[in-house]
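Here is how the chains run, residue by residue.
There are 2 protein chains.
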Amino acid sequence: MKLAFSLASPFARKVRIAAIELGLSDKIEFVPTKAIPVTENEEYARNVSPLRKIPALILDNGQVIVDSYVIVEYLDELAGGKLIPASGPAKWQAKTDHSIIQGMQDALLLCRYEKMLRPEQYRWPEWFDDQFKRAWDGLARFEAHPDVLTRPLDVVQIGIVCILGYLDFRFPDCGWRKTFPKHAAFHEKMMQRESVKSTVPPPA
Amino acid sequence: MKLAFSLASPFARKVRIAAIELGLSDKIEFVPTKAIPVTENEEYARNVSPLRKIPALILDNGQVIVDSYVIVEYLDELAGGKLIPASGPAKWQAKTDHSIIQGMQDALLLCRYEKMLRPEQYRWPEWFDDQFKRAWDGLARFEAHPDVLTRPLDVVQIGIVCILGYLDFRFPDCGWRKTFPKHAAFHEKMMQRESVKSTVPPPA
Chain A
1 MKLAFSLASP FARKVRIAAI ELGLSDKIEF VPTKAIPVTE NEEYARNVSP LRKIPALILD
61 NGQVIVDSYV IVEYLDELAG GKLIPASGPA KWQAKTDHSI IQGMQDALLL CRYEKMLRPE
121 QYRWPEWFDD QFKRAWDGLA RFEAHPDVLT RPLDVVQIGI VCILGYLDFR FPDCGWRKTF
181 PKHAAFHEKM MQRESVKSTV PPPA
Chain B
1 MKLAFSLASP FARKVRIAAI ELGLSDKIEF VPTKAIPVTE NEEYARNVSP LRKIPALILD
61 NGQVIVDSYV IVEYLDELAG GKLIPASGPA KWQAKTDHSI IQGMQDALLL CRYEKMLRPE
121 QYRWPEWFDD QFKRAWDGLA RFEAHPDVLT RPLDVVQIGI VCILGYLDFR FPDCGWRKTF
181 PKHAAFHEKM MQRESVKSTV PPPA
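Residue numbers (our numbering), protein chains in the order written: chain A, 1 to 204; chain B, 1 to 204.
Errors might be hidden in some of the hints.
Here are some of the chain B residues that sit facing chain A, going by a computed Cβ distance under 7 Å [stated by the list, open to error]:
{"hint": "1", "residue": "94"}
{"hint": "2", "residue": "99"}
{"hint": "3", "residue": "116"}
{"hint": "4", "residue": "130"}
{"hint": "5", "residue": "137"}
{"hint": "6", "residue": "177"}
{"hint": "7", "residue": "179"}
It is worth saying that the hints were derived from the structure and are not from the lab.
Glycine included, C-beta positions come from ideal geometry on N, C-alpha and C.
Next comes chain A alone, as it looks inside the complex:
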């Protein structure tokens, strides 16, 4: 199978970490792919996803799987179910936590586009602040329920580490370590994993 990805994408990083942790990364061909709003990419839109987002997993029979969470679910099922609880309240909590993380990451990407992609005269500071606050409030939520950060590795922790890495990558002065010390300790611990360390985005 093939994974359309980029080194900078936090959504693709989540899949890459999961694939390594599940022992599946040598079954995947990683295909560098560009996905930038307001930039044409007709071939990708037609053959992979009309959303023109990465990552996408392309199976050997041609079936395409998106989005990043569904790809992790797919890989996790292949590997016997290690990163997502199979049933009960823990399953719904993990799915909910992950949906919140996905929304936080989406919000940070909108911040990035607002600050860097959008022509300067069209930037709306209140929009940036509102989106950034969603991610920040999300971190505050997990900081107040730190069991999420200390339990065995799961898709939620992988998602959080990708957000923290994205903040270092795109918003290096935001000061998340100072405001969220439990996340700082969590990030330091996670960075000891080869899967996390080897997927840090390259210098911006």
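Following the hints, complete the assembly by docking chain B onto the known chain A.
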């Protein structure tokens, strides 16, 4: 259980249609809730979701479930699994199709914010066009694979009907019926269901 929703939200409509189709709507208290970017909503952010998005399902034990797809998954499991295939390629196809629909709906919401919420001087036409094209290309994708539109009711069809209803609601002049005649026939057929008919957004 309670559902935080609004009559205008296409994401909440998906859950409302699913709840009716699954025979669960009389077990849910529907709580009208506002969720508008750049508008404060600290109580909701603290108690329900830091993303300040609707819908959210609040269980009787206080557990919160987001987002709209996870809520439908939860209700579907309660009802014995009618709207999402349980296993195999059909499961991954349905999840992928739904992820694409979710992205199309997200893109249309960004279009709405660009056109109506953002102060006029900060609007960037290329952004609007790019986001709108994602939704349009998504419809073209399903128009070219119309089996999605004719099989028994599932979460993908519910998502599509919510997108079409949202286009009528917010972009009434876009002409989707003319460009996508198979979707027009599908929408007409779906509107015969009480679940779909009773959840059409009120006049804008």
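Right, here's what the structure says about each hint:
1. Of the supplied interface hints, the one on residue 94 (chain B) is violated, with its beta-carbon coming no nearer than about 10 Å to a beta-carbon of chain A, more than 7 Å.
2. Interface hint status for residue 99 (chain B): upheld, as the beta-carbon distance to the closest one in chain A is roughly 4 Å, under 7 Å.
3. Given the 7 Å rule on beta carbons, the hint for residue 116 (chain B) is violated: about 13 Å separates it from the nearest Cβ of chain A.
4. Because the beta carbon of residue 130 (chain B) sits about 5 Å from the nearest beta carbon in chain A, less than 7 Å, this interface hint is met.
5. Of the supplied interface hints, the one on residue 137 (chain B) holds, with its beta-carbon coming within about 4 Å of a beta-carbon of chain A, less than 7 Å.
6. Because the beta carbon of residue 177 (chain B) sits about 19 Å from the nearest beta carbon in chain A, more than 7 Å, this interface hint is broken.
7. Nearest Cβ of chain A to the Cβ of residue 179 (chain B): about 14 Å, over the 7 Å cut. The hint is violated.
When each numbered hint is compared with the structure, violations occur for hints 1, 3, 6 and 7.
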